[in-house]
Amino acid sequence: MRSSEVNRTNEYTPFHPRWYRTRVSTYWWLWKWPYLKFVLREISSVFVAYFVVLTLEQIRCLSAGPECYAKFQEWMKNPFLLVLNGISLLFVLLHMLTWFNLAPRAMVVRLGGKRVPDLLIAGANYAAWLVVTGCVAWIILR
Amino acid sequence: MAENITLEVTRYSPERDAAPAFQRYEVPLRKDWVVLDALNYIKDKVDGSLSFRWSCRMGICGSCGMMVNGEPKLTCATFLTSYAPGPVRVEPLRYFPVVRDLIVEMTDFMVKLKSVKPWIIRREEKPVADGEYLQTPQQLETYKQFSMCINCMLCYAACPVYGLDPLFSGPAAIALAQRYNLDSRDQGSRERMEILSQHEGIWGCTFVGECTEVCPKHVDPAGAIQQYKLSAAKDWFKSLVMPWGSK
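In order, the protein sequences belong to chains A and B. Converting from the first sequence to our numbering requires adding 5 to each position, the first position being numbered 1. Converting from the second sequence to our numbering requires adding 13 to each position, the first position being numbered 1.
Hint data in this document are derived by calculation from the structure and do not stem from the laboratory. Check before you lean on any hint, since a few could be wrong.
Using 25 Å as the maximum straight-line C-alpha spacing, the simulated DSS-like pairs for lysine-lysine come out as follows [unchecked claim]:
#, chain 1, residue 1, chain 2, residue 2
1, B, LYS230, B, LYS247
2, B, LYS130, A, LYS42
3, A, LYS119, B, LYS230
4, B, LYS230, B, LYS251
5, B, LYS230, B, LYS130
6, B, LYS44, A, LYS119
7, A, LYS119, B, LYS130
8, B, LYS242, B, LYS130
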């Protein structure tokens, strides 16, 4: 008698009586610092994409002639863009640091049957970044 | 008189309550007591109606996982003194439906665990007369870390992806799939890949990494999932370049 009453009033599933499920808050990423850090890391890819578009535009102006490039440079002096580019640079650096530091977790390299230490994997990423940065700097500044 | 500490424990009766609420209990603050000891003290001496799961009391069975002050913990390995002077808030594991008080419904996890086939799959079993499947210490080392999982589900309670998308296979199930993929005796990685290469499988993970932080057995499920993604991407590329080749 009692169970049929409960059955009428409550939702039952094959395995358990009526259960309670808490809704996940929209602001779950503010609960703790690692969650916020994760969201900032994910957002950083938007700024990476912005820098890619900006670089492509810069190259386009470079190939279109000095007039276009002068216009691009003038445009870059806009205070709003200066602030935006400053923030973007910080996010791109965050993107680089977080992903380089996470690389050893995804890449397990074994040499002679032994796992290569995490520091070496991350270090190889940083070394590659330094070499590429050096090459780009050399091309631009020579 | 011994010093006391307050526990704020989630109470929920599906027949009586519309939503869970906290109940406060005073328990002795003893140096050698873990949160599970305090819950057992309440059950034995104060309120016998309090419901919770536990079994081994030594971090092996994985039954006593709960949220302690908002963090997923094995209550048998979490000392009360770490939270002195209190109060200590004890809640059921986050993101799981609550059946009663501190007990969560775990069928979802059990179904997902089974779906990834966490056992050794052989295309063909060799006859018993041919002896054991031998393994070198190095081969054991490749998967040993992932075999430490005790199915306590703390990683699920730490994973916001699972909270937002309950279809996600989740950290422990994927780590255990990877445990068998890396086992030199296993030949079932292709079968598992078919299940886990779906969106709700490995690709659902966004690498928050908290599953690894809360794991009481240092399994590193986040690492397992990323390694799985890497091998899935490599397999996909290989099949693109060499469509005639088999894995």
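Taking the hints in turn, this is what the structure says about them:
| no. | hint | verdict |
| --- | --- | --- |
| 1 | B:LYS230 x B:LYS247 | 29 Å, violated |
| 2 | B:LYS130 x A:LYS42 | 34 Å, violated |
| 3 | A:LYS119 x B:LYS230 | 22 Å, holds |
| 4 | B:LYS230 x B:LYS251 | 34 Å, violated |
| 5 | B:LYS230 x B:LYS130 | 21 Å, holds |
| 6 | B:LYS44 x A:LYS119 | 42 Å, violated |
| 7 | A:LYS119 x B:LYS130 | 28 Å, violated |
| 8 | B:LYS242 x B:LYS130 | 18 Å, holds |
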